[in-house]
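Student: Residue numbers (my numbering), protein chains in the order written: chain A, 1 to 346; chain B, 1001 to 1332.
Treat the hints loosely; a few may be bogus.
[Unchecked claim] List time: in silico BS3-like cross-link candidates among lysine-lysine, alpha-carbon distance up to 30 Å:
id	chain 1	residue 1	chain 2	residue 2
1	A	106	B	1255
2	B	1255	A	142
3	B	1030	B	1179
Just so you know, these hints were derived from the structure itself, not from any lab. Owing to the predicted nature of the structure, the values given are computational and were not obtained by experimental measurement.
Each chain is listed here by its residues.
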Amino acid sequence: MADLFDLTSRLTCGGSISGYEHGQIEALEYIRDKYFDEMRREPAGSYVFIRHAKKPGHPRIMFDAHMDEVGMMVTEVLEGGFLRFTNVGGLDTRILQAADVTIYGKETLYGVIVSTPPHLQTGDRMVLPGIDTLMIDTGLSKEKAEELIPIGTPVGYRFKLTKLKNNCICGKGFDDKICAVAGIAAFEQLINDGYEGELILLLSTKEEVSRAVVAAVYELKPDYAIVSDVCCAWVPECGKEAKRKTTVGDGPEISLSAITDVRFTKRLIGFAKKNNFKHTVCVEATSTGTNANDIPLVGLGVPTLLVSIPLKNMHTYSEVVSLDDVADTAALVAGFIKELGGERNG
Amino acid sequence: MINDLKTIMRIQGISSREGKIGAKLTEIIKPYVDEVSTDPLGNVIAVKRGSAKEPKKIMLCAHMDEIGFVVNYIQDNGLVRVSRVGGINYVAAAFTRVVFENGVKGVIVPEGKTDPKDYTPEKFYIDLGVKTKRDAERKVKIGDACALESTCVKLGGQKYTGRPFDDRIGCYVLTEAAKQIKNPENDVYYVFSVQEEVGCRGSYAASFTVRPDIGIAVDVTPSGDVVGAGTNLCVKLGGGAAVKVKDSSVMCDHKLVSDLVSIAKEKDIPYQMEVLTYGGTDTCSMQTVAGGSRAGCISVPVRFCHTQNEIIDMDDVDACVKLTVAACEAVL
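Using the sequences and the hints, build the whole thing.
Tutor: As structure tokens, then:
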């Protein structure tokens, strides 16, 4: 079994906000060298990894996880070396104040988002600040900050990866790199088991802000797509009446929606039940909010299913997942690809 | 020079009704390209072939459509109700002259005593100066389109006010660039796209036809140097060509962004960085159609976008032309 913690650390330690996925190029090259025959960056920015088939006749199966993470972008350098910024993807200003950030300028710099201490606050303390009122403190002079941090510089949460109890981990960028880890672990298992079909890993670009994944899929023309993304885990605040109760530790969540392929999805659910793979099923009527919305419609269409890993505190620097869920997802995906690989093309 | 721009601005082209402006742009660009054609949607696609053995395809794209209104109901008293086409700013549109495709003029007004806070499309009507439905129907029919009147007036310095600078100014940048790009190494495609204002629809089809390696949109971007603009609009009028890093629809290709900046620095072309927190451009469709392309955008700063009185600075426009030409001549 792949070292899931090590892979997670490699994939989340750098900055890869939407459109700047190359910030993690060392991790991408590591994955290529260890598991694949080739890697390429396609024009819209996705990274495609291919392990060639050892024997012809297997269907072409693509596993997709998005490589980008939410973050920020500098819009102005102010007196005193403070930075104004905007969000890239969905951010919650409640958790931004006093957050540690990393600024990917001409040099990689550290910063802290300013917050007004309670001692100095006047008026209504419960009012949330708009993102355009928040600033990053760089500790630099304005001149130095302007030199090192051009407008448009990407900013990410500071990397921190902590082990919690029960094989849970806490950090940033698990959305969606934890699913990339699961996919790589699944592929490693397949390789170790002597799987002979082609394996395609798509670490897609800009999921948090666009549907740029479609460009890579158009060229790849896979027979099947398995999309993996994180889903919001149940937490006590959701209440006992919440419709979705999948939580961290429940294993992968298989999505039944009007967009993903019903027959393909039911086949996976049947396979999981028959072979006792840990899983839950979730019903998402018309939208999954993931790349699984767009991939089915590319070209002549791609049968697509969505397998999600439950995650707490989404889009924060303290996302929490269980490595057991990651391992269970990898096992389910590997088992299912082996089952699909048994069918012949044409 | 300014007269060429005025010619392009004077011809109406509301989204999906770009035939006349398309024909004019075809006529203007024809002497400077090898081929020009119009696709089924109405996009004008011109190409200047490159001299390289295996030329790359650079697609420049500016949209020729403009926002407007479509008649959806005519009242018994001759007042005309309209539905919007694209992002109409009703506060700015109130009490403004409109012109229909057939030349009929009217004034778009809110119902009396409507607080500007409550301006919604349903509260507006067009006064054609007629008294009955019959008289109104002699002038316009349901489905007819109109737009705010086109104007172009000089202000101080190199600034001009009028409409629709969005995005005829981009079309103008492309035509001026075409005059200067004489022997490109790469194939340069000039695309005047349709229906950008209603969701970048034309450029989807055009990008599929062209399949560019590199896509550069030329469009307008809101200028932050107006009172009360807030703190997140970094572009300034007169600050030079704006190199887009992002808007709501796209994260531009980071390498293309840094290449454009290097070119601007090297050629001493005034430039500024653009990080837009809203809005969309044809950049997004060029980036993601078919197998995708490396896409970016050169923006002309504009104050009061989508109003009767947009303001641009011709020095910025010059910088955009220079940067567009230099980008097409560079090896990107």
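Student: Does each hint fit the structure? Answer for all of them.
Tutor: Status of the hints after comparison with the structure:
Distance hint between residue 106 (chain A) and residue 1255 (chain B) is fulfilled; the C-alpha atoms sit about 14 Å from each other, no more than 30 Å. A distance of roughly 26 Å separates the Cα atoms of residue 1255 (chain B) and residue 142 (chain A); the hinted pair therefore holds under the 30 Å criterion. Between the alpha carbons of residue 1030 (chain B) and residue 1179 (chain B) the distance comes to roughly 10 Å, so the proposed pair stays at or under 30 Å and holds.
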